[in-house]
Structures are given as C-alpha cells and as structure tokens.
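Student: Could you build the full structure based on these sequences and the hints that come with them?
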Amino acid sequence: MCSGTLPGGTVSKMKNITTSVLHGVSTKTEKGNRFSFIQGPGGLEITMKSCFDTDKAFHMSFDEVTFNADRIRSKLELLSEELMPRCGLVYELYQRRLSAAIDNFVATLPTEQHLLVPELAREEFDYLSAEEIAEEIRRDSERGYCCHGFERNCCPLGCGDLGDDCCDAADLMEEP
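Residue 27 in numbering that gives the first Met the number 0 sits at position 28 of the sequence shown; the count goes up by one each step and never skips.
Hint data in this document are derived by calculation from the structure and do not stem from the laboratory.
Glycine residues also receive a C-beta, built at the ideal position from the N, C-alpha and C atoms.
It cannot be assumed that every hint is accurate.
With a cut-off of at most 20 Å between alpha-carbon atoms, the simulated SDA-like pairs for lysine to any residue come out as follows [said to hold, decoys possible]:
#: 1; residue 1: Lys74; residue 2: Ala133
#: 2; residue 1: Lys74; residue 2: Leu119
#: 3; residue 1: Lys74; residue 2: Arg85
#: 4; residue 1: Lys74; residue 2: Tyr93
Cβ pair distances, simulated, as ranges [to be verified]:
#: 5; residue 1: Arg85; residue 2: Ala129; range: 38 to 46 Å
#: 6; residue 1: Asn103; residue 2: Gly143; range: 25 to 33 Å
#: 7; residue 1: Arg137; residue 2: Gly159; range: 30 to 38 Å
#: 8; residue 1: Thr65; residue 2: Asp125; range: 37 to 45 Å
#: 9; residue 1: Glu131; residue 2: Leu108; range: 17 to 25 Å
#: 10; residue 1: Glu134; residue 2: Asp160; range: 20 to 28 Å
#: 11; residue 1: Glu76; residue 2: Glu135; range: 17 to 25 Å
#: 12; residue 1: Pro109; residue 2: Asp160; range: 44 to 52 Å
#: 13; residue 1: Thr110; residue 2: Ser73; range: 16 to 24 Å
#: 14; residue 1: Glu135; residue 2: Leu161; range: 15 to 23 Å
#: 15; residue 1: Asp69; residue 2: Gly157; range: 38 to 46 Å
#: 16; residue 1: Asn67; residue 2: Ser140; range: 21 to 29 Å
#: 17; residue 1: Glu130; residue 2: Gly87; range: 18 to 26 Å
Tutor: Structure representation (structure tokens):
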C-alpha cells in the first residue's frame, strides 16, 4: 500500500482520481483519499503528491484532470496479452517490449499522467525504463550473456550462431 502526505491530508492507495471544477480553496475526499485544490492564476490548479512516489509533487492546470488507475491497468493488461505470445517465452524480451509499448502508450496521455502510469506499470507489470533496460543489457554483456539474458550458446533466438553483434537494442524493443 502506498501513501503520501499532502497539505490537505494523507493519500492512501490511489485507485481513481477524478476532479471537478471547484472555486476557492477546498479539500475533496474521494474513496478515503484527500487532495488539495488551490485557486491559482488562470484557473484552478491542483497540487498533490503521487501516492506512488511521495517525493514528486504534481501541479496540474485544470479543465478536467482524470487518472483512472483501473482504466490504465486494463490497457496495460491488453498490451501484456498482445505481446506475451510474440516473445518466444523469453521473459526479458517480453519485459523490454512491454516496457517500450508502455512508454509509447504514456506518450499519448496528458503530461500530468506521465509519471503516474510508469509507476503503476512498475508495481504491477515489471516495467523498466529505457535506461534500466540498457543497464541490464550492459551487465549481461559483462557476464558473458547475450542481450536476452542467456548464455550465448543457449539462447533460443540464436545468439550463439551470430557472434558478438547478435543483439541490437532497437530490435529488443520491437515486435518481430
């Protein structure tokens, strides 16, 4: 269970955040979660902390800001189900392709959600950032493994037959 502290109270497990236009300073409680709504120049601004990462504050200007974790979770499950059969039972390949698909999905969302979705994906779908994937590949290479995490001669994708340049990082992110 994640939690964080806000000026208006405490946030416990963030499931759905839906706000509506409010005037003046007020606090809204929804499903046990508290958020502070502060009137700012040019309209309503919301200041809140993510329950996934309590060090990051989010400032959102408002028309309507919605983060529906159940809807996002459903989309991530669909991406997972689409990619799973296309990865040859290689978990590392699945994880890297799913992470890239999640990054592409995040790019289509409002900027305010760009930090929330990867944190949800990290908790529930083993999401890795592009930097973490690159570091994992580098560590595997130092240990003598191919970029798929196998000993070269045991790789089901044929790395043992292809020599040292068997893996292209871009290929790891794309579907066959």
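Student: Each of the hints needs a verdict: does it hold here or not?
Tutor: Each hint, compared with the structure:
no.	hint	verdict
1	Lys74 <-> Ala133	25 Å, violated
2	Lys74 <-> Leu119	12 Å, holds
3	Lys74 <-> Arg85	18 Å, holds
4	Lys74 <-> Tyr93	16 Å, holds
5	Arg85 <-> Ala129: 38 to 46 Å	20 Å, violated
6	Asn103 <-> Gly143: 25 to 33 Å	32 Å, holds
7	Arg137 <-> Gly159: 30 to 38 Å	20 Å, violated
8	Thr65 <-> Asp125: 37 to 45 Å	26 Å, violated
9	Glu131 <-> Leu108: 17 to 25 Å	20 Å, holds
10	Glu134 <-> Asp160: 20 to 28 Å	26 Å, holds
11	Glu76 <-> Glu135: 17 to 25 Å	24 Å, holds
12	Pro109 <-> Asp160: 44 to 52 Å	46 Å, holds
13	Thr110 <-> Ser73: 16 to 24 Å	22 Å, holds
14	Glu135 <-> Leu161: 15 to 23 Å	20 Å, holds
15	Asp69 <-> Gly157: 38 to 46 Å	41 Å, holds
16	Asn67 <-> Ser140: 21 to 29 Å	40 Å, violated
17	Glu130 <-> Gly87: 18 to 26 Å	25 Å, holds
In terms of the numbered hints stated before, the structure departs from hints 1, 5, 7, 8 and 16, listed from lowest to highest.
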